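Throw the hints in and build the complete structure from the sequences for me.
There are 2 protein chains.
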Amino acid sequence: MNLLQKLKRQPPGRIIALGFALVILIGSGLLMLPCSIQDGVTVHYIDALYTSTSAVCVTGLIAIDAGDTFTPLGQFFLGGLIQIGGLGVTAVGAGIIIAIGKKVNLKGRKLIKEAMNLDSGKGLIRFVKSVFLTTLVFEGIGALLSFTVFIHRYHPLKAAGVSLFHSVAAFNNSGFDILGGGTNLIPYQDNIMLNLVTCGLIVFGGIGFLVIRELVDARLRWKKLSMHAKVVISVSAVLILSGAVMLKLTENISWMGAFFNSISARTAGFSTYPLKEFTTPGLLVLIVLMFIGASPGSTGGGIKTSTFFVLLQGLKSAATNSGEKAFHYAVPKDSFRKASVITFLALGVVIGGTYLMMVMDPGVALRDALFEVTSAFGTVGLSTGITPDLSIGSKLLSILIMYIGRLGPLTIATLWHFSVGDRVRYSEGNIAIG
Amino acid sequence: MNLLQKLKRQPPGRIIALGFALVILIGSGLLMLPCSIQDGVTVHYIDALYTSTSAVCVTGLIAIDAGDTFTPLGQFFLGGLIQIGGLGVTAVGAGIIIAIGKKVNLKGRKLIKEAMNLDSGKGLIRFVKSVFLTTLVFEGIGALLSFTVFIHRYHPLKAAGVSLFHSVAAFNNSGFDILGGGTNLIPYQDNIMLNLVTCGLIVFGGIGFLVIRELVDARLRWKKLSMHAKVVISVSAVLILSGAVMLKLTENISWMGAFFNSISARTAGFSTYPLKEFTTPGLLVLIVLMFIGASPGSTGGGIKTSTFFVLLQGLKSAATNSGEKAFHYAVPKDSFRKASVITFLALGVVIGGTYLMMVMDPGVALRDALFEVTSAFGTVGLSTGITPDLSIGSKLLSILIMYIGRLGPLTIATLWHFSVGDRVRYSEGNIAIG
Ligand SMILES: [K+]
Ligand SMILES: [K+]
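So the protein sequences, as listed, match chains A and B. Note that the first sequence covers residues 1 to 434 in my numbering. Note that the second sequence covers residues 1 to 434 in my numbering.
Possibly wrong hints are sitting among the right ones.
Since the list can't tell identical chains apart, any single copy or any two copies may satisfy a pair.
[What the hints assert, rightly or not] Here are the simulated BS3-like pairs of lysine-lysine, each with C-alpha atoms no more than 27 angstroms apart in a straight line:
(1) 113 x 102
(2) 102 x 6
(3) 316 x 333
(4) 129 x 8
(5) 113 x 316
(6) 333 x 224
Just so you know, these hints were derived from the structure itself, not from any lab. Keep in mind it's a predicted model, so treat the numbers as computed, not measured.
Below you can see the structure in the form of structure tokens.
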């Protein structure tokens with residue numbers, strides 16, 4: 001067919017963007033099926049589209065509570081959309097092709113390289129396989145451990161389903177739950193086991209498959225790790241710690257709650273405390289964490305930890321008139337430029353989105369709108385509670401912002417231009433940005 | 001003296017910073033003198049310090065109304081502080097040295113170069129003279145035209161004083177008034193003459209002395225202007241126009257009001273409408289305008305129009321994979337980096353300041369705190385009205401932020417490091433940043 005030929009000749013970025021859009025649309029259809037929706041519940045298409053986007057973009061913002069709205073089949077669809085979104089449409093496609101024994105052609109390899117933020121095409125198929133294996137192992141262990149918690153509340157079959165859903169949701173940093181009542185994990189705020197399991201899944205899911213593989217290959221020895229892995233791990237640790245301390249300073253929560261919310265804000269989006277009771281300074285801390293987000297090549301969003309690191313190094317270098325260094329490597333010259341571009345595009349999306357939301361919903365305060373839009377952009381899913389009451393315009397806006405956030409603002413900005421040659425991803429000093 | 005010797009050996013940035021701090025302290029003392037304060041009014045030192053900082057940093061945020069608090073002598077001191085702040089401590093110092101017929105030595109020339117954001121030391125003395133002359137001409141004409149307005153309300157002597165003060169305040173983009181009642185220019189919101197005169201003074205004061213001189217030299221012919229002048233004039237025009245249109249979209253104000261507030265937000269800080277009645281989207285537009293601010297080498301603050309332009313060019317270049325151009329010149333490679341550094345430092349100051357203000361004054365909403373802090377950083381002086389009721393901590397914070405905003409965040413960041421060689425100001429393509 002002519003259309004298919006034309007599609008095949010498109011640059012990778014466009015094909016990936018189209019793939020995500022297609023999965024979102026199919027997902028919204030699946031969630032609208034009568035067998036997906038509980039008896040007596042009405043779902044408007046805008047909310048199905050919102051939920052599907054939120055799932056595929058692993059955001060977790062909810063206009064309708066998944067536990068109270070969807071049947072087990074609908075929740076299964078939702079879990080599937082989260083898994084596809086978390087792995088990425090391309091990886092899932094490649095996985096299927098590999099699984100049925102077909103060969104991945106050159107075009108396909110290019111797509112995978114672009115989608116997974118890789119620097120070279122070497123060992124690509126092996127990498128895709130390891131991504132699937134990693135996901136399976138983490139989600140399996142996560143589900144088993146979660147089961148020990150949920151079995152106390154539900155009958156075994158339901159507990160198994162809830163555990164599996166929770167593990168998938170947590171590892172993919174999606175923030176969804178099917179516990180009902182719209183309270184997310186608040187009932188479990190003091191359950192140590194569920195706090196630990198969820199945080200573990202979030203952290204490994206958000207650190208990136210490349211780094212997980214490096215950690216396995218290096219058998220956890222710090223010195224053997226690349227600069228990229230060291231940067232990502234250090235920045236994540238510093239952000240988690242400082243976020244927790246700052247939240248503890250202004251909010252009336254336990255230390256476990258402070259750590260959980262600090263970890264969760266950087267893209268996972270689960271909450272164990274009602275955010276609408278947070279102080280505005282506390283929410284501002286969460287907004288900054290949400291904006292920075294997870295690490296590249298992970299299931300998470302935001303401008304990314306490595307981008308944030310390169311920005312800080314650039315500022316330090318400007319203030320001290322010295323070169324940019326990190327762990328005895330020089331930061332590549334081009335990195336600061338790319339990090340800046342990504343951050344400014346992200347700021348533009350967040351500020352513009354906040355403006356438009358407040359114009360379309362005049363009753364919404366700056367703090368709530370900024371929080372909601374940053375959450376959508378960082379594919380976080382936390383909310384001060386305004387989501388269900390937003391106008392259709394603001395919901396469509398959130399859908400667009402989640403989509404931009406999942407694909408990355410730079411990918412979106414370059415969609416209209418066929419870039420000659422590949423854009424630099426991993427440069428000299430080996431650090432992935434965005 | 002040993003101390004003086006040591007001081008002389010300091011890099012220009014530190015001497016300038018010290019000079020500003022000294023003038024602020026002296027100013028706060030002058031404003032505390034009994035002869036400066038009206039009978040029956042009590043002024044706390046924190047408010048005198050706040051007012052002096054606000055004047056020297058040409059901000060115009062007021063904790064106490066100048067018209068209701070100070071005597072004509074106090075108001076004269078205030079006007080003097082604004083004039084010194086607007087011209088810059090260095091230029092005033094150089095002006096005095098030149099006026100008494102002394103020679104400016106090499107060290108002094110270096111200081112002037114740094115303070116006035118110049119690219120070379122050529123014609124420095126001539127430039128300082130032209131700066132004084134320009135100021136005198138504009139403020140003289142401004143005062144005469146303002147007099148035709150104020151004579152209808154005050155007796156001639158008072159009208160002359162008010163006119164002179166207003167002209168100085170407007171040309172130096174300070175936003176102060178001595179009309180009393182804390183209503184700034186709201187009583188004159190429909191006075192066409194005062195709107196035009198004030199806008200004219202603000203625009204020329206904010207466009208930079210270099211550009212004014214270029215306009216005179218080129219006899220207003222566009223083609224003869226440098227890239228820097230073209231950029232600054234175009235960006236200012238686009239910002240004024242789009243700001244006015246956006247304000248008109250969400251606020252219930254006249255077109256003249258929309259233009260006045262759009263012009264005034266980019267660092268002048270006069271208001272003809274009560275800002276606390278503005279919608280939040282409207283305030284967000286003002287916040288963005290305040291953050292961008294005026295042009296380099298002017299009396300205004302913010303990250304500067306040229307910085308904003310270079311950022312936009314960098315984003316465009318990244319999205320289209322093309323070089324950065326402007327008016328048939330290539331934008332120098334280093335510009336984007338410097339513009340990014342300045343903008344991130346500015347964002348850090350604004351976000352950090354907003355956080356601290358909300359921690360110290362828990363009752364203040366995000367929208368008001370963000371507005372107040374951006375206003376202080378951009379040395380704008382607009383406020384939603386929270387200034388007088390802020391805690392001492394928040395007032396000290398505002399004082400610090402006004403000071404950082406006036407000197408520029410990059411100057412502050414490099415204060416602790418002696419930079420080897422001069423930092424690049426004007427590079428290849430000739431565009432001044434920050
Ligand atoms: K999420
Ligand atoms: K001002």
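Status of each hint after checking the structure:
Taking the shortest alpha-carbon separations for residue 113 and residue 102, only the intra-copy value of 18 angstroms comes in at or below 27 angstroms, while the best inter-copy value is 68 angstroms. In the homo-oligomer, the alpha carbons of residue 102 and residue 6 lie at most 27 angstroms apart inside one protomer (23 angstroms), although the nearest pairing across protomers, at 76 angstroms, exceeds that limit. In this assembly of identical chains, residue 316 and residue 333 lie within 27 angstroms of each other by CA distance both inside one copy and across copies; the values are 14 angstroms within and 19 angstroms between. Taking the shortest Cα distances, residue 129 and residue 8 sit within 27 angstroms of each other inside one copy (24 angstroms), while across copies they are farther apart (66 angstroms).
In the homo-oligomer, the alpha carbons of residue 113 and residue 316 lie at most 27 angstroms apart only across protomers (25 angstroms), although the nearest pairing inside one protomer, at 32 angstroms, exceeds that limit. Proximity of residue 333 to residue 224 under the C-alpha cut-off of 27 angstroms is restricted to the intra-copy arrangement: shortest distance 24 angstroms within a copy versus 36 angstroms between copies.
Going through the hint list in order, the structure satisfies each hint without exception.
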